[in-house]
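A.B. asks: Can you build the whole structure from these sequences, using the hints too?
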Amino acid sequence: MDKSYAIKTCPKSGYATSFDSCGNLHLAYLKDEASISIESTTEMFALISLDACAAWKNDLELTITGYRSLALTDTHTVTLLVDRPQHILLEWDNLDKIIFKSSGGTTDPDSLARSNDTQVVINQLTIGLDL
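For the sequence shown, our numbering begins at 18 and goes up steadily by one.
No lab work stands behind these hints: they were computed from the structure. Since this is a predicted model, take the numbers as computed values, not measurements.
In silico BS3-like pairs for lysine-lysine, Cα to Cα no more than 30 Å straight-line:
id, residue 1, residue 2
1, K25, K48
2, K114, K48
3, K118, K48
4, K25, K118
C.D. replies: Spelled out as structure tokens, the structure:
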């Protein structure tokens, strides 16, 4: 998502809040579930850190899971707010897949969200070669 679009169309959302905190011009977002994976069977990657914010609902849970060869290796759950992006330091290595899942939360009274909006805004995602 582009900064000017977010500020114009969703000024009281986690989208606008995330742009204010990071200085980036673009963000990624997910609803319910998203994944990142590598197709190589011989290479792995590391998930170092990310900043995340709830787009519309406070107390939204984000669960991040890391996998290697289909085996679960790491799990982290964090509770997110609309007006406060969180830095999540993981330093996970030897991964070939990451899954992000969002759930729950209560609609922020200032937002225009529907009750089923479980969108998470992600920025400053740091992925690298194995640690």
